[in-house]
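Chemist: Given these sequences and hints, build the entire structure.
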Amino acid sequence: MKPNLIDLSGVKTYPLSERKNKTIMSRDKSGEVRPGMTVAELLSVMPDQLGSQALNGVIDAIVSARQKGKPVIMAMGAHVIKCGLQPVLKSLVEADVITAFALNGAGSIHDYEISLIGETSEDVGAVLHAGLFGMAEETGRDINGALKEGVALGLGYGESVGRFINANNNPHRGWSLLSLCEERGVPVTVHVAVGTDIIHQHASADGAVIGEASFRDFRLLTSIVSELGDGGVYLNVGSAVLLPEVFLKALSIAQNLGHHVDNFTTVNMDMQQHYRPLQNVVKRPTAGKSMGYTITGHHEIMLPLLAAGVLDRIGSCHG
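Heads up, the sequence shown is in our numbering, so the first residue is 32 and it goes up one at a time.
Hints may contain errors.
[Stated by the list, open to error] The calculated DSSO-like cross-link candidates involving lysine-lysine, where the alpha carbons are at most 27 Å apart (straight line), are:
#	residue 1	residue 2
1	K280	K314
2	K314	K101
3	K53	K43
4	K121	K99
5	K53	K280
6	K320	K280
7	K53	K113
8	K314	K43
9	K101	K320
10	K320	K99
11	K113	K99
12	K280	K99
What the hints contain is simulated information worked out from the structure, not anything from laboratory work.
Quantities reported herein were computed from a predicted structural model and do not represent experimental measurements.
Modeler: Take a look at the structure:
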């Protein structure tokens, strides 16, 4: 038997004026957009809610951190380097905004190849079945050689590769983040899972050297993380697994050794939000007085916008 349609005549209602609403136009609306706006004007007309609220909050946190002399650490997956965003990162380094970087192994490889030939990111599918993926001679030879030289000098992974780029005057080192940071004394730590990077396929690879170099960088990053308390900022940009795990362990060690790491800001920026960055960067570390933000979007759009907002706000503070 077909059921009857429900009778709605007895449904109770109430006046719209009595309802609590999440969006109040007098408070939450955007401003008007017009030609020739400055960065500050554009950011100011964004509605004070959701993603734009988070973006402005992160900009404020970074500016505040640097005014207090606290670290601003940017951890990045390799996609940031592959997108050619080094000039944006360079502007932040030169303005003393980012005080340390953390990369995975792939990020350092792409940065090195760019410094050498001005290009990177091979077509994997075209060469994989021929057994040629990752077999470019210079990449494996040079980076593995740089690590052996650096470890012998007591250096970590990031500094070793940056030093090698500069010592050999690689033709396109002006586009290299590792080169710039080595010259300026800005720490770049590189965190490697052995077997994940193409240089591990080469006969020149030495597991003991790779492990020692990356372990030194883990200890260096932990030291920097220990200073985040009371105003620092940690950004995870495009790393879904490795760097969020490294950060969580570094933070655990810092707390274990008695460092006060609370009342700081964490940020996860990516094209989509994954489990580990949300848990290990945004939520778990900020359970005390700290604040965690998520910003979802393409790196090639969001990082220049973030950088422009920070630099503009810093300029306003100094003006």
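Chemist: All the hints need checking, so say for each whether the structure fits it.
Modeler: Against the structure, the hints come out as follows:
1. K280 to K314: holds, 15 Å
2. K314 to K101: Since the Cα atoms of K314 and K101 sit roughly 21 Å apart, the hinted pair holds (cutoff 27 Å).
3. K53 to K43: Measuring from Cα to Cα gives roughly 22 Å; hence the hint holds.
4. K121 to K99: holds, 22 Å
5. K53 to K280: violated, 38 Å
6. K320 to K280: holds, 20 Å
7. K53 to K113: Answer violated: K53 to K113 is near 40 Å, above 27 Å.
8. K314 to K43: violated, 40 Å
9. K101 to K320: holds, 16 Å
10. K320 to K99: holds, 17 Å
11. K113 to K99: Since the Cα atoms of K113 and K99 sit roughly 32 Å apart, the hinted pair is violated (cutoff 27 Å).
12. K280 to K99: Roughly 25 Å between the alpha carbons, so the hint for K280 and K99 holds.
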